[in-house]
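K.L.:
Chain by chain, the residues run as shown.
There are 2 protein chains.
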Amino acid sequence: MMRMLVVSLLSIGAIVTSVHVSANEPIQPIKAVKPENPKMVELGKMLFFDPRLSKSGFISCNSCHNLSMGGTDNIPSSIGHAWYQGPINAPTVLNANMNLAQFWDGRAKDLKEQAGGPIANPGEMAFTHELAIEVLDSIPQYRAYFKQVFGSEKINIDSVTTAIAAFEETLVTPGSRFDKWLEGDQAALNKIELEGYKLFKSSGCAGCHNGPAVGGTLYQKFGIHTPYKTENKAEGRKAVTGKETDLHVFKVPTLRNIELTYPYFHDGAVATLEEAVSTMGKLQLDRTFNEQEVASIVAFLKTLTGKQPNIRLPILPPSTNKTPRPQPFE
Amino acid sequence: MMRMLVVSLLSIGAIVTSVHVSANEPIQPIKAVKPENPKMVELGKMLFFDPRLSKSGFISCNSCHNLSMGGTDNIPSSIGHAWYQGPINAPTVLNANMNLAQFWDGRAKDLKEQAGGPIANPGEMAFTHELAIEVLDSIPQYRAYFKQVFGSEKINIDSVTTAIAAFEETLVTPGSRFDKWLEGDQAALNKIELEGYKLFKSSGCAGCHNGPAVGGTLYQKFGIHTPYKTENKAEGRKAVTGKETDLHVFKVPTLRNIELTYPYFHDGAVATLEEAVSTMGKLQLDRTFNEQEVASIVAFLKTLTGKQPNIRLPILPPSTNKTPRPQPFE
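From first to last, the protein sequence lines stand for chains A and B.
Quick note: the first sequence uses my numbering, first residue 1, plus one each step.
Quick note: the second sequence uses my numbering, first residue 1, plus one each step.
Source of the hints: derived by calculation from the structure; they are not laboratory data.
Certain hints may be false.
Stated by the list, open to error - Computed spacing ranges between beta-carbons, pair by pair:
1. B/T230 with A/K238: 35 to 43 Å
2. A/R325 with B/A82: 51 to 59 Å
3. B/S152 with A/T128: 48 to 56 Å
4. A/E274 with B/K238: 21 to 29 Å
5. B/N310 with A/N290: 47 to 55 Å
6. A/I224 with B/S138: 44 to 52 Å
7. B/K243 with A/Q148: 34 to 42 Å
Said to hold, decoys possible - Going by beta-carbon spacing under 10 Å, a handful of chain A positions derived as facing chain B:
8. N66
9. S78
10. I79
11. W83
12. L273
All figures in this text were calculated on a predicted structure; none of them were measured in a lab.
All C-beta atoms, glycine included, are put in the ideal place defined by N, C-alpha and C.
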């Protein structure tokens with residue numbers, strides 16, 4: 001009895017420590033998501049992978065938010081219809097539901113609103129919502145899935161983007177080494193990684209990169225102390241608010257899985273984490289990190305790679321004789 | 001005891017019927033594949049999905065042999081680097097191991113030899129074998145996988161294409177309704193489908209489309225009785241053998257999963273199975289199928305759709321600071 005009591009007290013002690021560590025940190029662990037509506041998620045997954053939502057029949061959501069590659073395309077700016085060079089680096093879809101808004105400039109309020117954008121963007125999927133619906137509507141299996149999920153065979157852009165968003169909401173990455181440390185596993189980080197994290201906090205990085213997604217919670221000017229030199233023309237929030245003070249103010253990106261989501265910054269101009277950390281120090285904190293400091297922060301950042309979503313490739317229902325044909329070369 | 005005996009005899013009867021049906025048919029069921037080397041298959045799957053084997057970092061094997069869409073891209077001819085319009089319709093990778101050779105003109109003797117082609121083709125992935133190896137070699141996890149599978153960290157194009165081929169060999173589609181019928185389940189086909197199959201045999205289609213893949217076993221001239229009208233410049237076997245008699249002689253394509261692998265013919269000019277069947281009747285058999293005949297053959301062809309490979313999307317190991325950067329727009 002005495003022994004059991006000791007064990008119990010030890011257990012309580014461990015739990016208290018765990019809660020303590022997490023509660024005092026600017027970053028919180030990512031929680032696994034249990035989908036409320038698995039059938040809607042499955043439908044959304046099909047749509048996410050279906051290139052028939054593009055004019056060419058070649059580009060799907062997964063083309064630029066590739067779930068084999070951290071939910072990005074790992075190129076500076078995306079390739080759109082007819083090899084159009086996109087204006088900005090594709091943000092990761094992983095943990096994107098934690099962002100205060102979507103796109104670098106926050107012009108879409110949520111994942112559902114975001115999902116409609118690329119389909120109709122001439123430089124991305126180059127389709128129209130009307131034609132995308134016409135394609136889906138011509139495929140009996142899709143009509144049946146929509147009926148099952150939304151109670152009606154009548155497909156519209158609202159149900160399409162609702163389903164895609166429901167799938168995207170499941171794309172979270174719990175279980176990183178850093179989260180294990182947050183949850184009380186002291187051995188989950190080594191000395192350098194922990195030093196990096198302490199420096200990340202003490203130097204001010206965590207002022208913007210915080211919350212469960214280690215970012216995504218606010219907008220911030222890129223180039224607070226020193227302007228960022230780029231040929232990229234993106235204006236950031238100014239394009240949304242029209243205010244001159246919002247020039248080059250962007251949504252602070254998540255640092256979750258940052259090891260996988262290279263290249264970095266809105267222009268994708270920086271290929272390595274070392275250069276990204278060093279640049280951020282100078283531009284945002286007016287601080288020159290030495291080589292060892294950069295290395296420790298990079299080591300910390302690499303502990304933010306979580307368990308990637310386990311995706312079974314969907315089998316898409318075939319087009320029918322009534323389905324509008326893709327127009328890749330027109 | 002007596003009752004058991006009757007049951008046993010009935011069982012034997014069923015088995016005998018099953019063997020009997022299959023043995024007399026020009027088409028044989030597809031058998032499931034149990035990979036000899038699952039780790040090599042897993043490595044091959046990663047390579048199959050890895051767009052870093054292309055110059056742009058955007059095009060993978062799966063881009064044109066999309067396993068969500070019957071192992072094809074469902075467009076007349078494929079989109080290559082810089083949106084180059086490919087010269088020919090992408091054949092399905094499903095059951096491709098049963099082909100006597102690869103590509104429409106059979107210029108690659110097997111899947112391994114095929115796999116190296118698109119990587120270095122300027123109109124497809126537009127890379128070089130050397131650069132592809134350099135990319136893989138810069139990624140420690142890839143080196144470790146290759147060591148595990150091939151016993152050496154030294155990656156070369158031979159090991160890359162061996163692994164891709166090992167993965168592709170698993171991409172078979174057993175379990176179609178037609179195979180169930182072949183295996184003795186009389187109820188697996190309805191009356192029209194069975195009529196279609198009988199007509200498929202009696203009219204001569206099965207003369208070329210036979211074997212487990214319902215094709216892929218021989219070369220045949222396209223346009224035996226009437227020349228096929230197309231703007232496509234592919235010469236077929238002539239490009240390989242140099243013989244004038246091989247002009248427009250192509251590998252007979254598999255009809256497995258034909259419902260999923262539209263559009264049809266080497267130029268991808270025909271969008272519907274009805275038109276494809278009707279055209280083949282005229283050109284190859286000098287026969288005009290009436291509407292009902294076409295419908296029955298199409299109904300039969302749709303019973304050839306098998307269970308699609310169950311693919312878990314691979315998580316690709318990230319590039320490192322040493323990895324050559326993709327060059328999408330150069």
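K.L.:
Work down the list of hints and note, for each, if the structure agrees.
P.N.:
Hint-by-hint comparison with the structure:
The given range of 35 to 43 Å is broken by B/T230 and A/K238, whose C-beta atoms sit roughly 53 Å from each other. Here the CB-CB span from A/R325 to B/A82 is close to 23 Å, at odds with the stated 51 to 59 Å. Checked against the hint of 48 to 56 Å, the C-beta distance between B/S152 and A/T128 comes to roughly 52 Å, which is consistent with it. Taking the beta carbon of each, A/E274 and B/K238 are about 55 Å apart, not inside 21 to 29 Å as hinted.
Separation of B/N310 from A/N290 is about 50 Å and conforms to the stated range, judged on CB atoms against 47 to 55 Å. A hinted range of 44 to 52 Å is violated for the C-beta pair A/I224 and B/S138, which are about 34 Å apart. For B/K243 paired with A/Q148, a C-beta distance near 56 Å fails the hint of 34 to 42 Å. The interface hint given for A/N66 is met, as the beta carbon of that residue sits about 8 Å from the closest beta carbon of chain B, less than 10 Å.
With 10 Å as the threshold, the beta carbon of A/S78 comes within range of chain B, its nearest partner Cβ sitting at about 8 Å, so the hint holds. The restraint placing A/I79 at the interface with chain B holds, with a minimum CB-CB distance near 5 Å, inside the 10 Å limit. This hint holds: A/W83 has a C-beta 4 Å from the nearest C-beta of chain B, less than the 10 Å allowed. Interface restraint check for A/L273: the shortest CB-CB distance to chain B comes to about 8 Å, inside 10 Å, so the restraint holds.
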